[in-house]
Every structure is written in C-alpha cells, then in structure tokens.
Amino acid sequence: MVNKLDQEAKRLGVTRQSIIKIWLAERLERV
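The letter at position 21 of the sequence shown is residue 11 when you use the numbering used here, and the numbering goes up by one with no holes.
Think of the hints as simulated: they come from the structure by calculation, not from any bench. Please note that the accuracy of each hint is not assured.
Lysine to any residue pairs mimicking SDA-like chemistry, simulated, CA-CA at most 20 Å apart [to be verified]:
id: 1; residue 1: K11; residue 2: V21
id: 2; residue 1: K(-6); residue 2: Q7
id: 3; residue 1: K11; residue 2: Q(-3)
id: 4; residue 1: K(-6); residue 2: R17
id: 5; residue 1: K(-6); residue 2: I9
id: 6; residue 1: K11; residue 2: V(-8)
id: 7; residue 1: K(-6); residue 2: I10
id: 8; residue 1: K11; residue 2: E(-2)
The following label-pair restraints were derived from C-beta to C-beta distances [claimed, not checked]:
id: 9; residue 1: M(-9); residue 2: R20; range: 14 to 20 Å
id: 10; residue 1: V21; residue 2: K0; range: 27 to 33 Å
id: 11; residue 1: M(-9); residue 2: L18; range: 17 to 23 Å
id: 12; residue 1: E19; residue 2: L(-5); range: 16 to 22 Å
id: 13; residue 1: R20; residue 2: L(-5); range: 16 to 22 Å
id: 14; residue 1: E16; residue 2: D(-4); range: 16 to 22 Å
id: 15; residue 1: L18; residue 2: E(-2); range: 14 to 20 Å
id: 16; residue 1: E(-2); residue 2: E19; range: 15 to 21 Å
id: 17; residue 1: A15; residue 2: V(-8); range: 16 to 22 Å
id: 18; residue 1: R17; residue 2: D(-4); range: 18 to 24 Å
id: 19; residue 1: L14; residue 2: N(-7); range: 14 to 20 Å
id: 20; residue 1: R20; residue 2: K(-6); range: 16 to 22 Å
id: 21; residue 1: R17; residue 2: Q(-3); range: 18 to 24 Å
Backbone N, C-alpha and C fix where the C-beta goes; we use that ideal spot for every residue, glycine too.
Make the full structure from the sequences, and use the hints.
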C-alpha cells in the first residue's frame, strides 16, 4: 500500500502526504 503511494507520489511529483489528502478527498466525495 505505502509502496504504491510512493510510486504514485514520484510519478506525480508530489509528497506522500499530498497523495493521501487527495485520495481521502476522492473517497469522501464518492460516499
């Protein structure tokens, strides 16, 4: 899970914390 986040972060050029925030925001919007 963390590995995947790190890969996404590197790909998008952002920090893992940013990825988590984005991911959480998307989750909350869907619910």
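Of the numbered hints stated previously, which ones are contradicted by the structure, given in increasing order? Per hint list: zero violations.
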